[in-house]
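There are 2 protein chains.
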Amino acid sequence: MPRPKIIVCDVNETLLDLAPLKKSVGKALNGREDLLPLWFSTMLHYSLVETLSDNYHSFGEIGTAALMMVAKTQGIDLEYEEAKAAIVTPLRSLPPHPDVVEGLKALKQNGYRLVSLTNSSAVGVETQFKNAGLIDLFEKRYSIDSLKKFKPHPDTYRMVLNDLDVQPEEVLMVAAHAWDLAGAENVGLQTAFVKRPGKTLYPNVPKPDYVVSDLKELVRVLKNQ
Amino acid sequence: MPRPKIIVCDVNETLLDLAPLKKSVGKALNGREDLLPLWFSTMLHYSLVETLSDNYHSFGEIGTAALMMVAKTQGIDLEYEEAKAAIVTPLRSLPPHPDVVEGLKALKQNGYRLVSLTNSSAVGVETQFKNAGLIDLFEKRYSIDSLKKFKPHPDTYRMVLNDLDVQPEEVLMVAAHAWDLAGAENVGLQTAFVKRPGKTLYPNVPKPDYVVSDLKELVRVLKNQ
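From first to last, the protein sequence lines stand for chains A and B. So in our numbering, spot 74 of the first sequence is number 476, and the numbers just go up one at a time. So in our numbering, spot 155 of the second sequence is number 557, and the numbers just go up one at a time.
In short, the hints are calculated from the structure, not lab data. Quantities reported herein were computed from a predicted structural model and do not represent experimental measurements. Built from N, CA and C at the ideal position, the CB exists for glycine as well. Be careful, since some hints might not be right.
Said to hold, decoys possible - Which residues of chain A face chain B? A partial, calculated answer using Cβ under 10 Å:
no., residue
1, 448
2, 564
3, 584
4, 603
What the hints assert, rightly or not - No more than 30 Å apart at the CA atoms, straight line, and that leaves these computed lysine-lysine pairs for DSSO-like:
no., chain 1, residue 1, chain 2, residue 2
5, A, 618, B, 474
6, A, 550, B, 609
7, A, 425, A, 618
8, A, 407, A, 601
9, B, 424, A, 425
10, A, 507, A, 542
11, A, 625, A, 601
12, B, 429, B, 601
13, B, 507, A, 601
14, B, 424, A, 429
15, B, 407, A, 601
16, A, 424, B, 507
17, A, 474, B, 474
18, B, 407, B, 474
Claimed, not checked - Partner residues aside, some chain B positions facing chain A, computed with beta carbon under 7 Å:
no., residue
19, 433
20, 440
21, 450
22, 454
23, 456
24, 458
25, 459
26, 460
27, 470
28, 474
29, 495
30, 496
31, 554
32, 555
33, 588
34, 600
One chain only, chain A, in its complex shape (with noise of 0.2 Å):
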């Protein structure tokens, strides 16, 4: 495999963490904590139901909606604004894991150009980079509001390859999630997945070129390659 030059990194989940949300999401949910995945999941599915049924909505709004859902179908009351309260606040002001800030500034040392992408709107992950102390560590932030459609669709990716001004094989797309790389690879791009709390690959497709257990492990498989 050729050696990347642009690194993407997907957000939330793969840098930063979502434990917070799962206090805040289960404190709106009567305290049940353990329906973060399927809130989760609801927000993923609807983000690919507005993509392709022409609607769009802020990734922060979708995953608002989706709670109300939840709620719903768990027979919990739950006002508007008190699930955007859960969700919004939380998500902007996520930790980065760990490994984040050494394993991307040592990407940087070793001659890779950071971008990320995301399906956060562009403002929220502006904001949730300030709060994580990863602002200045990213050549560019791309956000798939710009396009009104969600990963994994093709044109995501390729806005990104189109503005770089890069070929597909240059480009290595990074995710803790196995939809993210199905739709990276489907355009062409190397992929690695990051093995974060929660998360495992999906059978039905290629495994990823690298699969590594932090950003740091990215980093010196890649140095070994």
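Fit chain B to the supplied structure of chain A, relying on the hints for placement.
Positioned in the frame of chain A, the structure of chain B alone reads:
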């Protein structure tokens, strides 16, 4: 609203009761019947991930993969063949909800032409309808497997319109899934939501034209229109 000529019924959950799956999926997940909604949501999400990244597996294959993923993230050992057995066999022998046979017969008697449109495979839905005693109630069955794109992709609804040579506004889509109706509405179909247990509307899109408790209520509502 004009009186619809054609009624298009979604199948899983809308006509057929998923309750037997709760048992088999729960058993595969060490008794965790509470994980059924997460499994179903993961399956739906990945059906759209495949659609958006130019992959295709049958709904049963995606359901099996999704069950493997849920097991893995919950730390439960599960073999592929065991996961498959937990889904495919029960999925093909789901009972109809109690209102379905009477409701469909009444719709036919009232002059509506009935067809079905499902994310299940053509072979799958034929077996499902035979086992549920619904096979003779429908003029035609449509599966997304001829397109290899899952609902709510607009092409799935347009396939039905083109094949029957009807206009969107002449058709009423009936489903227990907000995402299915969002896709149908996008293509211009009339929409009816059936409130099956654990199902709820998606707050970010317009309300369906009809919201009913079951098919018998749909019969009454259409008559009084």
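For each hint, the structure was consulted:
1. 448: 6 Å, holds
2. 564: 18 Å, violated
3. 584: Result: holds, 5 Å to nearest chain B Cβ.
4. 603: It holds, given that the least Cβ distance between residue 603 of chain A and chain B is near 8 Å, below 10 Å.
5. A/618 / B/474: Holds - the C-alpha atoms of residue 474 of chain B and residue 618 of chain A are around 24 Å apart, at most 30 Å.
6. A/550 / B/609: 22 Å, holds
7. A/425 / A/618: Distance of about 28 Å is within 30 Å: holds.
8. A/407 / A/601: It holds: about 27 Å lies between the C-alpha atoms, which stays within 30 Å.
9. B/424 / A/425: 28 Å, holds
10. A/507 / A/542: 15 Å, holds
11. A/625 / A/601: Given pair residue 625 of chain A, residue 601 of chain A holds - Cα atoms ~25 Å apart, limit 30 Å.
12. B/429 / B/601: It holds: about 23 Å lies between the C-alpha atoms, which stays within 30 Å.
13. B/507 / A/601: Violated - the C-alpha atoms of residue 601 of chain A and residue 507 of chain B are around 46 Å apart, more than 30 Å.
14. B/424 / A/429: It holds: about 27 Å lies between the C-alpha atoms, which stays within 30 Å.
15. B/407 / A/601: Distance ~46 Å between residue 407 of chain B and residue 601 of chain A Cα, so the pair is violated.
16. A/424 / B/507: At roughly 47 Å apart (the allowed maximum being 30 Å), residue 507 of chain B and residue 424 of chain A break the hint.
17. A/474 / B/474: Distance of about 27 Å is within 30 Å: holds.
18. B/407 / B/474: 47 Å, violated
19. 433: The hint is violated - residue 433 of chain B has no Cβ within 7 Å of chain A, the shortest such distance being about 14 Å.
20. 440: 5 Å, holds
21. 450: It holds, given that the least Cβ distance between residue 450 of chain B and chain A is near 4 Å, below 7 Å.
22. 454: 5 Å, holds
23. 456: At 5 Å from the nearest chain A Cβ, residue 456 of chain B passes the 7 Å test, so the hint holds.
24. 458: 9 Å, violated
25. 459: 5 Å, holds
26. 460: At about 10 Å, which exceeds the 7 Å cut-off, the nearest Cβ of chain A leaves the hint on residue 460 of chain B violated.
27. 470: 6 Å, holds
28. 474: Since the shortest Cβ distance to chain A is 4 Å, the answer is holds.
29. 495: With a closest approach of 24 Å, the residue 495 of chain B hint is violated.
30. 496: 19 Å, violated
31. 554: 5 Å, holds
32. 555: This hint holds: residue 555 of chain B lies near chain A, its Cβ roughly 5 Å from the closest one there, short of 7 Å.
33. 588: 4 Å, holds
34. 600: 5 Å, holds
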